[in-house]
Structures are given as structure tokens and as C-alpha cells.
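Read top to bottom, the protein sequences are chains W and G.
Here our numbering is used: position 208 in the first sequence is 208, and no number is missing along the way.
Here our numbering is used: position 39 in the second sequence is 39, and no number is missing along the way.
Please keep in mind that the hints were generated in silico from the structure rather than gathered at the bench.
Since we're looking at a predicted model, the values are computed, not measured.
Some hints here could point you the wrong way.
[As the list claims (entries may be wrong)] Calculated lysine to any residue pairs in the SDA-like style (CA-CA distance at most 20 Å, straight line): (1) Lys144/W with Ile96/G; (2) Lys106/G with Ala117/G; (3) Lys4/G with Val103/W; (4) Lys142/W with Glu101/G; (5) Lys229/W with Ala93/G; (6) Lys229/W with Gln92/G; (7) Lys4/G with Ala106/W; (8) Lys123/W with Leu140/W; (9) Lys117/W with Gln193/W; (10) Lys134/W with Glu100/G; (11) Lys126/W with Gly188/W; (12) Lys44/W with Ile69/W.
[What the hints assert, rightly or not] Just the calculated beta-carbon pair ranges, DEER-fashion: (13) Gly36/G with Asn32/W: 44 to 54 Å; (14) Ile35/G with Gly131/W: 53 to 63 Å; (15) Ser83/G with Gly131/W: 50 to 60 Å.
The beta-carbon is built from N, C-alpha and C at its ideal position, and this holds for glycine as well.
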Amino acid sequence: MSERQIQLEVLRYNPETDSEPRFQTYTVPCLNEWVVLDALNYVKDNLDTTVSYRWSCHMAVCGSCGMMINGEPKLACKAFIHEYPDKIRVEPMMHFPIERDLVTVAEDFITKFASVKPYLIPKEDKPVSAGEFKQSPAELMKFKQYTLCINCMLCYAACPQYGLVPEFLGPAAISMAHRYNQDSRDGGRDQRQEVIASHEGVWECSFVGACSEVCPKHVDPAGALQQVKVASTVDWYKEHLMPWGKK
Amino acid sequence: MSRKPYIREIPKTSWFFRQPRYMRYMAREVTSFFIGAFSILLVVALKRLSQGPEAFQGFLDALRGPWGVLFCLATLVAAVYHSTSWFNVTPQAMPIQRGEEFVPGKMIVGAHYAVWAVVSLIVLFMGI
Chain W
1 MSERQIQLEV LRYNPETDSE PRFQTYTVPC LNEWVVLDAL NYVKDNLDTT
51 VSYRWSCHMA VCGSCGMMIN GEPKLACKAF IHEYPDKIRV EPMMHFPIER
101 DLVTVAEDFI TKFASVKPYL IPKEDKPVSA GEFKQSPAEL MKFKQYTLCI
151 NCMLCYAACP QYGLVPEFLG PAAISMAHRY NQDSRDGGRD QRQEVIASHE
201 GVWECSFVGA CSEVCPKHVD PAGALQQVKV ASTVDWYKEH LMPWGKK
Chain G
1 MSRKPYIREI PKTSWFFRQP RYMRYMAREV TSFFIGAFSI LLVVALKRLS
51 QGPEAFQGFL DALRGPWGVL FCLATLVAAV YHSTSWFNVT PQAMPIQRGE
101 EFVPGKMIVG AHYAVWAVVS LIVLFMGI
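In isolation and in its complexed conformation, chain W is listed as follows:
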């Protein structure tokens, strides 16, 4: 197994002692198969135990280790060292406040995500004894890709609109609302529309498309947001031009 020395530049910020972040460089002997998360773990285990970062599964499932790697929003567990030059710069995800080192404050995302009611609101209540809510494979395909979202927030780190307008509901939250709206078993669209069709909702999106480009699970949030715009526009016309067409 081949080994390679890399310079890992890590953005450090200690809220107890620092007034602003600074970079600290570590020399890390990396194996060719390593990902950036392995290099960070090496630093933590062997060089500096004070470096803080989030991680859990090491297999692009938990969505914890999102960070800027050479300026690009990435999961550290999915960013292979051999794809990078000898100097790798890691920073906390853009557009989020820094809690400490590479750890960001996620409250804003969590609040927004919860506000779109990202769960199934059944069209009709029926007792468990009445059996399951059936769904055809075609109905499943309509929203399946959005179920792959792991809430890693990389789309927020990529979205310049979220950076400029922090009130923006953002890609993942609206995509998840779209996912449930598209679900044949769901009847909660009207409740979600109030939030996602607002000005801070989908209309703050200017379709930069960065969210879909960086998504590690190949979800297409940008596509979902445009589809929400189309559906919301149809709603508006139905309401204003065809009052008889209202439900």
C-alpha cells in the first residue's frame, strides 16, 4: 500500500479563546485508499486531540461529516485523498455559523426542515386493521430519489442564495416537502404550501443549480424546487383566474 504525505490545513476556531478562525496545518502520512475523514481521524488520534469535527458512519449514510474541502462542499468520508493535490484545505460548511473548528451550528436547518412537515400526513385516517396504504411502483418512482436525502446540508453550503438571504427555506427542506407532496398516500400538501410557496420559500430560489451538483446522494433538489414553482404558479392561476376550479 502506497503512502503519501499531505499537508492538511484545518480551519480552527475555539469560541473560548479565539476572536476569529485561523488555519492550522498538519502533516499527515496518508494511505492511497484514505478519504479526508481518515486524515482528520489520524490528526485527532496522533497529532492533536483538540480538533473538533462531526462524523459517524464513514460510509456516506449518516450525513454528519459535511465540510468544505478545497472550497467544495463534500462529505469527508467520500472525498478520496488520491483525487486531491498534496495540500488539502478543510473548512466548516459555508453559510453556517461555526460552533467550533469544523463543527457548524445546524439549528437553522433543523427548524426549517421541521417547518415543512417532512412526514406522511395520510389522506384518510383508517385503522391499522383496514390494511396498508397501497402504492404502485410508478407512484413510488415519482418521489423515490428524494427519499435518498441524508440531511447532510451540503446543498445549503453550496447555495449562494441561502448565504445571501439566510431566511431562505433552502433546498433540502423544500425537496423533502416536495417528496411528501408527490406521495400518492399523502394529503398534506395544503399545509406545506403555506410555508414552501411563501416568499422565503421556493421563490427565493434563483436556480443556480449548485445544490444538485454537490449532492452526495445524487438527489436533484434544484429540480424539485423548480417543480414546486410550477405547481405553485398553477395554484395561483387556478385561484385567481378559475375560482370555480378551486377544491
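Based on these hints, arrange chain G on the given structure of chain W.
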């Protein structure tokens, strides 16, 4: 321990230099100015037309000058970039599902190009 989150400011006027994809987005947005300017030009053309043949001829002559030609060429380039950049993202905004499969994005983009070509040809024949 008290919290003291650090907020990184986003430069309001130069943020798009940070990433090539942001630059591509801004390029698409900037092309709108040319489209808008050309629309105003068309309104001016109508105004001149309403003022009689001589006024309209003067307008056409001005348009045939170097600045007029340069503006039209720049607008053409901007319009092509604007249109193609939007055509290429149409499969994301308007996916078409047939049964369990989605119609390939290339077909949706291709359909847009085809309609564009047909409409352009019609306009060209009407102009001849």
C-alpha cells in the same frame, strides 16, 4: 460553557467569484440585460415605424452602423447562451414520467432545440 458561534460574512458584491459554477450562473443572469435591451430596441422600432417611412429608415440606417451591428451580434451571442443554458436544465424542471421510467433528459432538451430550430426557420422564411 457559553456558546459564541462565529459567522462568516458573504461579500454581497463579489461572492460569485468564489466558484466557477457561480460564475456560470451570473453569466446566464447577465445575458438577461441584453435580452431586455433588445426588447426596448424593438419598442423603439415600433415607435419609429409609427412616425412614418423616413423615421423608420433612419432607425434602420442607425442599426446598420458599426455600433448597431456590434450590439445585435452581442445580443445574439447572449440570447444563444441564455436559451441553451435554460434548455439544458428543462429536464429538471419538467420531468416526464412514463410508467415506472422517466423520459431521458436528452429527449426533453432535444425537443426544445428542435422547436427552436423550426421556429427560427419559420421566422427566417418570413423575413426573406
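Comparing the hints with the structure gives:
{"no.": "1", "hint": "Lys144/W with Ile96/G", "result": "holds (15 Å)"}
{"no.": "2", "hint": "Lys106/G with Ala117/G", "result": "holds (16 Å)"}
{"no.": "3", "hint": "Lys4/G with Val103/W", "result": "holds (12 Å)"}
{"no.": "4", "hint": "Lys142/W with Glu101/G", "result": "holds (9 Å)"}
{"no.": "5", "hint": "Lys229/W with Ala93/G", "result": "holds (9 Å)"}
{"no.": "6", "hint": "Lys229/W with Gln92/G", "result": "holds (12 Å)"}
{"no.": "7", "hint": "Lys4/G with Ala106/W", "result": "holds (14 Å)"}
{"no.": "8", "hint": "Lys123/W with Leu140/W", "result": "holds (16 Å)"}
{"no.": "9", "hint": "Lys117/W with Gln193/W", "result": "holds (10 Å)"}
{"no.": "10", "hint": "Lys134/W with Glu100/G", "result": "holds (16 Å)"}
{"no.": "11", "hint": "Lys126/W with Gly188/W", "result": "holds (16 Å)"}
{"no.": "12", "hint": "Lys44/W with Ile69/W", "result": "holds (18 Å)"}
{"no.": "13", "hint": "Gly36/G with Asn32/W: 44 to 54 Å", "result": "holds (53 Å)"}
{"no.": "14", "hint": "Ile35/G with Gly131/W: 53 to 63 Å", "result": "holds (56 Å)"}
{"no.": "15", "hint": "Ser83/G with Gly131/W: 50 to 60 Å", "result": "holds (51 Å)"}
No hint from the list above goes unmet by this structure.
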